[in-house]
Structures are given as structure tokens and as C-alpha cells.
Amino acid sequence: MRLGNVIGHVTLSRQEASYRGGRFLLVQPWNAANYSGDDKPQASESTLVVYDQLGAGVGSIVGFTEGSEAAKPFPESTPVDAYCAAIVDKVFHQLPK
Amino acid sequence: MRLGNVIGHVTLSRQEASYRGGRFLLVQPWNAANYSGDDKPQASESTLVVYDQLGAGVGSIVGFTEGSEAAKPFPESTPVDAYCAAIVDKVFHQLPK
Amino acid sequence: MRLGNVIGHVTLSRQEASYRGGRFLLVQPWNAANYSGDDKPQASESTLVVYDQLGAGVGSIVGFTEGSEAAKPFPESTPVDAYCAAIVDKVFHQLPK
Amino acid sequence: MRLGNVIGHVTLSRQEASYRGGRFLLVQPWNAANYSGDDKPQASESTLVVYDQLGAGVGSIVGFTEGSEAAKPFPESTPVDAYCAAIVDKVFHQLPK
Amino acid sequence: MRLGNVIGHVTLSRQEASYRGGRFLLVQPWNAANYSGDDKPQASESTLVVYDQLGAGVGSIVGFTEGSEAAKPFPESTPVDAYCAAIVDKVFHQLPK
Numbered sequence: 001m002r003l004g005n006v007i008g009h010v011t012l013s014r015q016e017a018s019y020r021g022g023r024f025l026l027v028q029p030w031n032a033a034n035y036s037g038d039d040k041p042q043a044s045e046s047t048l049v050v051y052d053q054l055g056a057g058v059g060s061i062v063g064f065t066e067g068s069e070a071a072k073p074f075p076e077s078t079p080v081d082a083y084c085a086a087i088v089d090k091v092f093h094q095l096p097k
Numbered sequence: 101m102r103l104g105n106v107i108g109h110v111t112l113s114r115q116e117a118s119y120r121g122g123r124f125l126l127v128q129p130w131n132a133a134n135y136s137g138d139d140k141p142q143a144s145e146s147t148l149v150v151y152d153q154l155g156a157g158v159g160s161i162v163g164f165t166e167g168s169e170a171a172k173p174f175p176e177s178t179p180v181d182a183y184c185a186a187i188v189d190k191v192f193h194q195l196p197k
Numbered sequence: 201m202r203l204g205n206v207i208g209h210v211t212l213s214r215q216e217a218s219y220r221g222g223r224f225l226l227v228q229p230w231n232a233a234n235y236s237g238d239d240k241p242q243a244s245e246s247t248l249v250v251y252d253q254l255g256a257g258v259g260s261i262v263g264f265t266e267g268s269e270a271a272k273p274f275p276e277s278t279p280v281d282a283y284c285a286a287i288v289d290k291v292f293h294q295l296p297k
Numbered sequence: 301m302r303l304g305n306v307i308g309h310v311t312l313s314r315q316e317a318s319y320r321g322g323r324f325l326l327v328q329p330w331n332a333a334n335y336s337g338d339d340k341p342q343a344s345e346s347t348l349v350v351y352d353q354l355g356a357g358v359g360s361i362v363g364f365t366e367g368s369e370a371a372k373p374f375p376e377s378t379p380v381d382a383y384c385a386a387i388v389d390k391v392f393h394q395l396p397k
Numbered sequence: 401m402r403l404g405n406v407i408g409h410v411t412l413s414r415q416e417a418s419y420r421g422g423r424f425l426l427v428q429p430w431n432a433a434n435y436s437g438d439d440k441p442q443a444s445e446s447t448l449v450v451y452d453q454l455g456a457g458v459g460s461i462v463g464f465t466e467g468s469e470a471a472k473p474f475p476e477s478t479p480v481d482a483y484c485a486a487i488v489d490k491v492f493h494q495l496p497k
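Just so you know, the sequences run in chain order A, B, C, D and E. By our numbering, the letter at position 72 of the first sequence is numbered 72, and the numbering carries on one by one without gaps. If you count the second sequence from 1, you need to add 100 to reach our numbering. If you count the third sequence from 1, you need to add 200 to reach our numbering. If you count the fourth sequence from 1, you need to add 300 to reach our numbering. If you count the fifth sequence from 1, you need to add 400 to reach our numbering.
Source of the hints: derived by calculation from the structure; they are not laboratory data. Worth double-checking, as some hints may not be accurate.
Mimicking DSS-like on lysine-lysine, the simulated pairs with C-alpha atoms at most 25 Å apart in a straight line are [unchecked claim]:
| id | chain 1 | residue 1 | chain 2 | residue 2 |
| --- | --- | --- | --- | --- |
| 1 | E | Lys440 | C | Lys290 |
| 2 | C | Lys240 | A | Lys90 |
| 3 | D | Lys390 | B | Lys140 |
| 4 | E | Lys490 | D | Lys340 |
One-sided excerpt, in silico: chain D residues whose CB lies under 8 Å from chain B [unchecked claim]:
| id | residue |
| --- | --- |
| 5 | Val358 |
| 6 | Gly363 |
| 7 | Tyr383 |
| 8 | Ile387 |
If the Cβ cut is set under 10 Å, some of the chain B residues that face chain D in the computed set are [what the hints assert, rightly or not]:
| id | residue |
| --- | --- |
| 9 | Glu116 |
| 10 | Arg120 |
| 11 | Glu145 |
| 12 | Ser146 |
| 13 | Thr147 |
| 14 | Leu148 |
| 15 | Val149 |
| 16 | Gln153 |
| 17 | Val158 |
| 18 | Thr178 |
| 19 | Pro179 |
| 20 | Asp181 |
| 21 | Ala182 |
| 22 | Ile187 |
C-beta: ideal position from N, C-alpha, C; glycine also.
For reference, chain A alone in the conformation it holds in the complex (with noise of 0.2 Å):
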């Protein structure tokens, strides 16, 4: 699982039948800076659009699941390789010094 921000969403005009009940978030995941708890997302090279039926909205922090295993919880033949599984409370940091 990585962490991300929600940053935006995808509307479709042709697709893959099997999709459904679901909305197409595009995800920042987190860098160094955000690791440190200091920084604004920024629109990159490593955004992704990942599927998500939890609710997650633009400000979010979620957890999302790559590759295989994001496919997981669906019917064999939904193409999907990135699913939001988490929507983050808190995270807890303690660096060695």
C-alpha cells in the first residue's frame, strides 16, 4: 500500500464493460516532502488514477493497493491495478536521531 492525496477525478467516454459503481480518482502518491509532513501535493509524472468505491473525495489522504492484489475484491475480469483500500486517519512517524 502506498499513500496518496486525492487531487482530482476522470470522466470516461468509452470503457471497459466490467467497470461500474465506482469513480476514477487521480492520485498524487506521497514523496519525501510529504513523508516529513510539511508539503502540498503536486500533479507528477507518478500520478495515477485509481479506482475507488470508500467515498474518498478531492483533500482525501488514502491508502491504495497496486497490481495485482488491487483487483483482489472484484470479479475475474475487471481490469483494475490500482484500488483506494483505505481512507487515512492519522499517520505516525519516529525517525532514529
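Given chain A's structure and the hints, the job is docking chains B, C, D and E onto it.
Same frame as chain A, but now just chains B, C, D and E:
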């Protein structure tokens, strides 16, 4: 799912017997400039060959899935690792200020 | 499997129903300095959220698996893509001179 | 699928029992210069060992699949993660101006 | 499959119950210099822990598979994501001039 621009296609002289009925598109994944709304695609190291059955063409913005989920809609023995799952209508951003 | 230092954890406000009985650790994968034996972990872009059932804590060195094998020990529908598979005792190096 | 140039091959002294009937090719994935049509392959960090049953040789441009789909055409217990799925005839580009 | 040099091993204090009968090797994937035939391995960010049953040791050049195919030869619940599939005899290059 990642977003990308279709920039061409590929023809094959010999191939895995299980490929049929689709086309292989050259897709350039979006970078930071594309996500900021102002830039044209450029061929780069990250260019991929994506299997398409939706009818995307040069100029389309597509959403493609990667990894084993890409092959979800295919019979068990088809080796497809990048699949055009959607043609994008609109992308909405709301980067925080 | 990759090695990493546990540097914190995450709590969730909403989540995939199939997660339970484990904790989500923040893990910093080892870099070149760590493999050379002399450095402390630093939060970076590569920090991951890893599912743990072995009881690792801040300060542990863990071996984590990624991708669909990470989910091997779980029921079919659990989306886990990084899994704490081992707590490391010792790392032996013999770089050729 | 990614495109690459065949630049050599590998022989093995001990191996997984399930490999047979194929060859292991050294393949250099295409970079930006290759996609722009003007450059020779160079051995780099990204060079891969790809399993081939189509008969590609040094000088061929191949399309190879990666990840678990690479192993789709094989029996369940064969660990293949890069598979030569096609020999490329022509690559067509139309980068927008 | 990627090539790499065995540079050490790892011992574990607590682990996933399904691991047994193998050893965990530290493997340094080949970089451009290695593929050009002239360089020693160096510990780096890309060092991996690879499961071995073939008997590779420090100094061996191994071919390892990654991702879910790495786990193909194992029972369904073993989380292995990098597997030593072959010990390499010779590597033949023919870079075009």
C-alpha cells in the same frame, strides 16, 4: 490505471498465437507537464505497446492498466501486460494552493 | 523480498472490509548506505505501508514481499500488496575486492 | 508489452527443472532515442533476460511481456517473468507538432 | 529474469511459517558496467533478498525471477517475490557497431 496519449502503432511479423482481434498501440504515459494541462506527448523511454480493443487512435487519451490485471479480460494463456481499458473524456484537477 | 526499517505506523478512518488482525507499518526500504552498514533510515519517496502480523515495531529490520505474492497468505479477496514476511536477525555481506 | 533489441544470449549451468525448449535472450529495452528512430542499442542497467520460443536472434526487434502475464503460456509451476511474445515488423509514430 | 551477483545472505529471527528448506541470498542486480564485462558488484539501493534452492553462493552469477512468477514453484500460500531460478554459465553479447 495510468493515462497516456496514443502516438502510433506497431505491426508484427511473428507473434504469440493467442493474440487476435486487437491492435497494438504505441502509448506515451502522461508526465507532470501533461497533468498540468499544457504539453504535447514526446516519445521517451517510458513509451509502451498497449493492446487495444476499444478503437483508440492517434490523438486519443487512454486509460491503460498494467500487470496481470491487464490480462483479466483474456483467456488464461494470452500474455497481455498493458491493456487499453478506457478512452478518457475529461480530466479534472484540483491541486491545493 | 526487500529489507527495510520500520519508522512508524498508520491508522485508518475507513477501509476495505477484509483487513483485520494486522497493523499497517511505515517501512523505509534500505538504500546503498544501509547495505554498507552505516546509516539511519530517512523518510523518502519510497516509503511504503506494509501489512504486519509478526509484531514488528519501530526499530525492527523487516523483510517484506511485494506484488501479488504479498497477498498469498490471505483469503482471495484481500487487497494486500506489501507484507511483512520476516524480522531480520543478521545481514552478512561479502563484497568482492 | 515493451519493445527491445536482442543483443546476445545466456547459457546456464544449473536451472529450474521446468525450463526447456526455449532460449534465454539478452534484450535491451528501447529508450527515447530508439523510439525516435535513430539509435543503436547499448547495454545498460535495464538489460533483461527474456525467454524466447519464436526464434528471435541478435538484431531482431522483439515485443516482450513482463510480470505474471509473461508466464501465461506456461504450465503453472514455470517461473518466467519476461517472455518474447512477438517479433516486430514495423513501428509507426505520429508525434503531434 | 534479471542477472545478478550473490554478495551475501540474511538470517531471520521471526518469519512466515511457509518458508523452509531454502536460504535467503543478498543479490546485487547487474548494472551497465557488469553487462559490459568489466566491473565488480557494489551494494546499492537495488540490492534484493532472493530465495535460493539451487545452492548458489557468494561469487555466483544467478538469474532471478521477480513478481508472482517467482512464487510459481511454491505452494499457494508462500510469499516469495524473488527466486533464484538459474546459475549462469556464460553471457554472450553482440552489441551492434
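Of all the hints given earlier, name the ones this structure violates by number, lowest first.
Per hint list: 5, 10, 16, 22 violated.
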